[in-house]
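Asks: Starting from the structure of chain A, add chain B where the hints point.
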Amino acid sequence: MRVTNKMLSDNYLYDMQTNLQNMKTIQKQLSSGKEVSKPSDDPFKVARTMQLNTDIDSNTQYNKNILNASNWLDTTDSSLSQVGEVLQRINEELVSAGNAAYGSSQRSAIKDEINQRVGQLSQILNTTFDGKYIFGGTRGTDKPTGTTVDVNGNNTIDYSDSTEPALSQIKSSLNVEISQGVKAKYNVTASDIFSYKDGASTLAAPTNLQDLLKNIVNHLDGRNADGTIPSSATVTESAGNTLTITDPSGTHDITVTLSQNSSDSLNVTSPDATHINIALANTTPGNNTIAKIQAAVQSLPGFNNFTVSGSTTWDTTATGSTITTATVTSLKAPVDPVKALITGDLQGIKDATNNLLKIRAQVGAMQNRMDSAKDENVQEKYSMTEILSKTEDVDYAEKIMDFSTLQTVYLASLQTSSKIIQPSLLDYMS
Amino acid sequence: MSGLFGTFSIATRGMEVQQKALDVTSHNIANANTDGYSRQRAVIETSRPEGMPSMNSIISPGQVGTGAQVSAIERVRDSFMDFQVRGQKSTLGKYQARDNFLSEIEGIFSEPSDTGMSKLISNFFSSWHDLSGDPNNSNTRTVVATSASTLANSLNQTYNNLQNIKTNVQSQIKDDIFTINSMFKNLDQLNQQIKGVEISGNTPNDLMDKRDLLLDDLSGKFGIKIDKQQFDAFNLTADSSTSGFNPSVNINFMQSEDHENVRTLSYIDSITVNDSTATPPTYDITYYKKADKSTDANKVTISGVALDSTQLKQLDECRVVWADKDGNAIKSDGTLLGQSGVTYNDIMQFKPDNGELQGYMSVQQDVDDYINQMNSFAKALAFSVNAVHTGTNDPLTPNSDVPNIPFYVNSSSGGKEEEITAGNIAVNSVILNDVMKINVKSKIDSGATDGSRAQAIADVQNSLLQIQGITTATKRSDFVTLDTDNMTVKNSVNGTTLGSYFKDTVDRLGISEQEAQQKVKNQNATLEDFQQRRDGISGVSLDEEIANLVQFQHAYQANAKIVSTIDQLLDVVINGLKK
Numbered sequence: 001m002r003v004t005n006k007m008l009s010d011n012y013l014y015d016m017q018t019n020l021q022n023m024k025t026i027q028k029q030l031s032s033g034k035e036v037s038k039p040s041d042d043p044f045k046v047a048r049t050m051q052l053n054t055d056i057d058s059n060t061q062y063n064k065n066i067l068n069a070s071n072w073l074d075t076t077d078s079s080l081s082q083v084g085e086v087l088q089r090i091n092e093e094l095v096s097a098g099n100a101a102y103g104s105s106q107r108s109a110i111k112d113e114i115n116q117r118v119g120q121l122s123q124i125l126n127t128t129f130d131g132k133y134i135f136g137g138t139r140g141t142d143k144p145t146g147t148t149v150d151v152n153g154n155n156t157i158d159y160s161d162s163t164e165p166a167l168s169q170i171k172s173s174l175n176v177e178i179s180q181g182v183k184a185k186y187n188v189t190a191s192d193i194f195s196y197k198d199g200a201s202t203l204a205a206p207t208n209l210q211d212l213l214k215n216i217v218n219h220l221d222g223r224n225a226d227g228t229i230p231s232s233a234t235v236t237e238s239a240g241n242t243l244t245i246t247d248p249s250g251t252h253d254i255t256v257t258l259s260q261n262s263s264d265s266l267n268v269t270s271p272d273a274t275h276i277n278i279a280l281a282n283t284t285p286g287n288n289t290i291a292k293i294q295a296a297v298q299s300l301p302g303f304n305n306f307t308v309s310g311s312t313t314w315d316t317t318a319t320g321s322t323i324t325t326a327t328v329t330s331l332k333a334p335v336d337p338v339k340a341l342i343t344g345d346l347q348g349i350k351d352a353t354n355n356l357l358k359i360r361a362q363v364g365a366m367q368n369r370m371d372s373a374k375d376e377n378v379q380e381k382y383s384m385t386e387i388l389s390k391t392e393d394v395d396y397a398e399k400i401m402d403f404s405t406l407q408t409v410y411l412a413s414l415q416t417s418s419k420i421i422q423p424s425l426l427d428y429m430s
Numbered sequence: 001m002s003g004l005f006g007t008f009s010i011a012t013r014g015m016e017v018q019q020k021a022l023d024v025t026s027h028n029i030a031n032a033n034t035d036g037y038s039r040q041r042a043v044i045e046t047s048r049p050e051g052m053p054s055m056n057s058i059i060s061p062g063q064v065g066t067g068a069q070v071s072a073i074e075r076v077r078d079s080f081m082d083f084q085v086r087g088q089k090s091t092l093g094k095y096q097a098r099d100n101f102l103s104e105i106e107g108i109f110s111e112p113s114d115t116g117m118s119k120l121i122s123n124f125f126s127s128w129h130d131l132s133g134d135p136n137n138s139n140t141r142t143v144v145a146t147s148a149s150t151l152a153n154s155l156n157q158t159y160n161n162l163q164n165i166k167t168n169v170q171s172q173i174k175d176d177i178f179t180i181n182s183m184f185k186n187l188d189q190l191n192q193q194i195k196g197v198e199i200s201g202n203t204p205n206d207l208m209d210k211r212d213l214l215l216d217d218l219s220g221k222f223g224i225k226i227d228k229q230q231f232d233a234f235n236l237t238a239d240s241s242t243s244g245f246n247p248s249v250n251i252n253f254m255q256s257e258d259h260e261n262v263r264t265l266s267y268i269d270s271i272t273v274n275d276s277t278a279t280p281p282t283y284d285i286t287y288y289k290k291a292d293k294s295t296d297a298n299k300v301t302i303s304g305v306a307l308d309s310t311q312l313k314q315l316d317e318c319r320v321v322w323a324d325k326d327g328n329a330i331k332s333d334g335t336l337l338g339q340s341g342v343t344y345n346d347i348m349q350f351k352p353d354n355g356e357l358q359g360y361m362s363v364q365q366d367v368d369d370y371i372n373q374m375n376s377f378a379k380a381l382a383f384s385v386n387a388v389h390t391g392t393n394d395p396l397t398p399n400s401d402v403p404n405i406p407f408y409v410n411s412s413s414g415g416k417e418e419e420i421t422a423g424n425i426a427v428n429s430v431i432l433n434d435v436m437k438i439n440v441k442s443k444i445d446s447g448a449t450d451g452s453r454a455q456a457i458a459d460v461q462n463s464l465l466q467i468q469g470i471t472t473a474t475k476r477s478d479f480v481t482l483d484t485d486n487m488t489v490k491n492s493v494n495g496t497t498l499g500s501y502f503k504d505t506v507d508r509l510g511i512s513e514q515e516a517q518q519k520v521k522n523q524n525a526t527l528e529d530f531q532q533r534r535d536g537i538s539g540v541s542l543d544e545e546i547a548n549l550v551q552f553q554h555a556y557q558a559n560a561k562i563v564s565t566i567d568q569l570l571d572v573v574i575n576g577l578k579k
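Protein chains in written order, with this note's numbering: chain A, 1 to 430; chain B, 1 to 579.
Treat the hints as calculated values from the structure; they're not laboratory data.
No residue lacks a Cβ here, since even glycine has one placed at the ideal position from N, Cα and C.
Covered stretches of chain B (chain A as the covering partner; in silico rule of three or more C-beta atoms under 8 Å from a C-beta of chain A):
| no. | segment |
| --- | --- |
| 1 | 109–116 |
| 2 | 447–460 |
| 3 | 501–509 |
| 4 | 532–539 |
Bound conformation, chain A alone:
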C-alpha cells in the first residue's frame, strides 16, 4: 500500500487520541477512587453497586430500629425490677400482718404503707421513654394506670380508661422490624402485669392485681374483700312458729339439726341460700330452743358472734316438746379477714410475683434477641461494605501500574512520531 505523509500524521493523530482517551479514563478512576462513574462504564458493576447501596441503607435502618427497641427494653427491664421490689415489700408486710400478736392498729399502719405501695406501683407502670408510656400499648400518649381513693379512704389501682377502645389499645402489642420481613414484639403492657392468672377476676377469687390489692387493704381493715364489715348470721322469729336464720352475706349454707324428745314433728326448710326456716308442728315449743341453737352455732369456729334476735317466745319453759340438743352441721365459716391475709392474699401476691418473673424472663430473652440481631446486622453491614468496596473501589496499586504503562506508551508514541513525521525529501534537496 502506498503511504503518504498525510497518512503518517493522520495515524499519529488517531493513535494519540486513543492514548489520551485511555489516560483520561485512568485519571478519572484514580482521582475519584471509583472504578465506574456512569452506568455505561460497566453496567453490571453499576447494577451491583446500586443494589448493595440500597441494601446497606436498609441495613442501617434496621440497625436504628434494633437500637430503639433495645433502649425500650432496657427501660422496661428496670421498671419491671422496681415492680418486683414493690411486690416483694407487700409480701413481707402481709407475712408480718399475719402475726397473731398484731392488733388492729399495727394492721392499720401496715395498711397505710401498702396504700403508698399501690400509688408507687401505678407510678412505675406509668414510666415513659422517649415521650411514650412504655406499658401503654398503642395508647402510649396517655397514662395507662391511675389510682382512685375508695369510700374507705384506700388507694385502688386500675386502668386509667377501662372502656373500649382504650382497653384494647392498652393491651395491644408494638412490633419492630429488625431485619427484612422479621418483626418482633418488644413491649410489655400494663395488662400483662396486672393479670397474673387466667380467668375472670372477682373480689372473692382475684386473678388480677387490682382486685388482689383491694382485697389486701380491706382485709387489713378487718373488712371483707368487698369492703363490708363481716357480719354473722341472725336468727329471727317469724310468724307461725318459725325461726328464721339469715346470713346476710348469702354465701353460707346453714343446716341446723334439732333433736327433740317428743313426737312433735320438726320441719326444716330452706327457702333460699340465705334463709333456713325451722318450724315445729307443736305450738308449744320447748325451752331454751334459741339459746341452744345459739350455743351450738357459737361453738363453731368463726361463729363466736352468732346472736339471736327477735322475740323469745320459743324460749319458754312450758311443757310440751323439749328441744334437748341442737347441733349445727355443714355451716361454712365466714372468712376471717385477718386470716385471709396470710392465706389467699399471700398466695395471690406469690402468684403475681411469679407472673412478673415470667415477664422479666421474656423481656430478658427479647433483649438477648435484640443483641444477637444487632450483631448479625453489624456483621451483614461489614460484609456488604466489603463487597461494595471490591466492586466499585479502585485498586490503587494496579491502577498506578496501568497508568505508568500508558504514560510510557504515550511518550513513546510522541517520540517516534516526531522522528518520522518531520523529515522529507525537501530536507535533502540542495
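Replies: Positioned in the frame of chain A, the structure of chain B alone reads:
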C-alpha cells in the same frame, strides 16, 4: 514535417509538456493537505507520428515521432473505496448520534451516586420506618412528608429532562434536514457544472473532488446510493426507505437529466390532537417545507389524520417526509399529499437504515421507553403507597376504618389517579399542609402510638409488584391487592420491587450507551482503516511529488538544451552555408 524546424517544434512541444507536468505537480503539492483532494497526474503520450502513407508524403524510413503531448490530466481515485468509506461513515454517524444523546440521558439519571433517585427511594422508605417507631411525633411525620416530596420532585425533574432531550433530538433532526436540503442544492450545481465540462471534452477534476467531499458528508447523515450517468453526472437517492414508492416514481434527490425536478425532505414540526373522542383519534399534522422555519409561508397543515397510538409514535419519532422539489409532501405515487382526507399510509416517511438521522430517530425511541418506564414507576409508587395509606385498593370504595386521604396525587388540575405520570406525581397538599393527617395506625380507633400502617408502607419497599405490566389504563384496583388486614400488599408472582425496577431502567441505559460507545470506537477504527487505504490511493505524497519535480525539471532542461542545439544548427545553416 522534416527539417530542423520540425525538430525545433518537437523540442518546444517537449518543453510545453514538461511545463504542464510541472503545473500538475505544483497543483498537487499546493493541495497536499486539502480535504477530499485526489492527486492528479498528467498523462503524457506521444503526439501523432508523421509518415502516414498518403499521396503527398515522401516515402522515408520509419514513422518519425513528433514529440509528446499531454492527453489528459487524470484524477487518481478509486470509486469503490469511496463507496466503502461512505458505508462506514453512515454506520459511524448512526452510533455517534446515539452515543451523544445516550450519554446526556446518563447524566440525567446520575447513577451511581449519593444523590441519585435510588438513594431518594431508600430515604423515603427509611423515613416511614422511623415514623412507625415514633408515630405521635410531628418531627418524624415532617421528615416523611419532605422525603416523599423530594422523591416526587426528582421524578418530575427526570421526566422534564427526558422530554427536553426529546425536543433537542427533534430540533437536531430539523437542523440536519435543513442542512441536507441545502447540500442537495450544492450537489446539483456541481453535478451540472461537471456535466457541462465533460461534454466539452475536459475532466473537471477539482469539481469532482468537491462533489465527492459533499457526498462523503451526506453519507454521514443517511445512507446514499449513487447511479453514474453519462458525462460523469450522478443520480443520487437514499439506499433505504424507498420501497414504499411505486416503481416508476422518481425518487432522486439529485439527477442528471431534468435536474430541477427532484425530491427534497420536509420536517414535521407538530402533531396536535384534532378530535380525541373519535376512534382512532384524529390529529393535525403541521410540516415545514424543506425544514425551513424562517417564514410561515413554508408551513403546511394537514388536518384530521386518523392515527392510532402506534402510528402516532412512529410519526412522532420519524418526523421526516419525502417531498417534491418545493417541499410539498408527496404520496407513494408521486402526487401531492394535500391537506385533508389524508390517511397514515399516504404519508411517505423517510426512515433511513443508517446515518445520523437514523441515530436520532432511534434515540427518540429509547427516550420514549425511558419516559414510559418512569411513568410506570411513578404509577406503581402512587398506587401501592395510596392503597396501604387508605386501606383500600379502590379509591371509589373507601375503607370506613381509615380516613380516605391518598398520599400521592396527580398534580395537574382535575387529574385522576390512573393518569399519574412521572411528570405530574406530587404529595397530596392536604398532607403537606398538616402532617398530622398522615395515616399511621391500623384503624381510626387505634391507639396514638400505633404505627403499624406506617410500618406496612415501609414494607412496600420489599413487596413484589407487577410494575412492568402497567399501562396508561391501569387502575389502582388492577394493580394492588391488600391482605385481609387492609394493610399488607400481596406479592405478585412475576413482580419486582420498586427499587429493582428503577435499577433495571438504569441498567438498560448503561448497556445501550456502552454498546453505542463500543460501536463508535470500532467504527472509528474501521473507518480510519478505509480512509487510510483511500488516502494511499488518492493522497499526495510530498516525497513522490518532489521526485517528480526533479524528473520534470531535468526533462525540461534537456528539452531546452535541444532548442539551443537546434538554434546552433540553424545558425550554421542560415549564417554558415552561404556568405
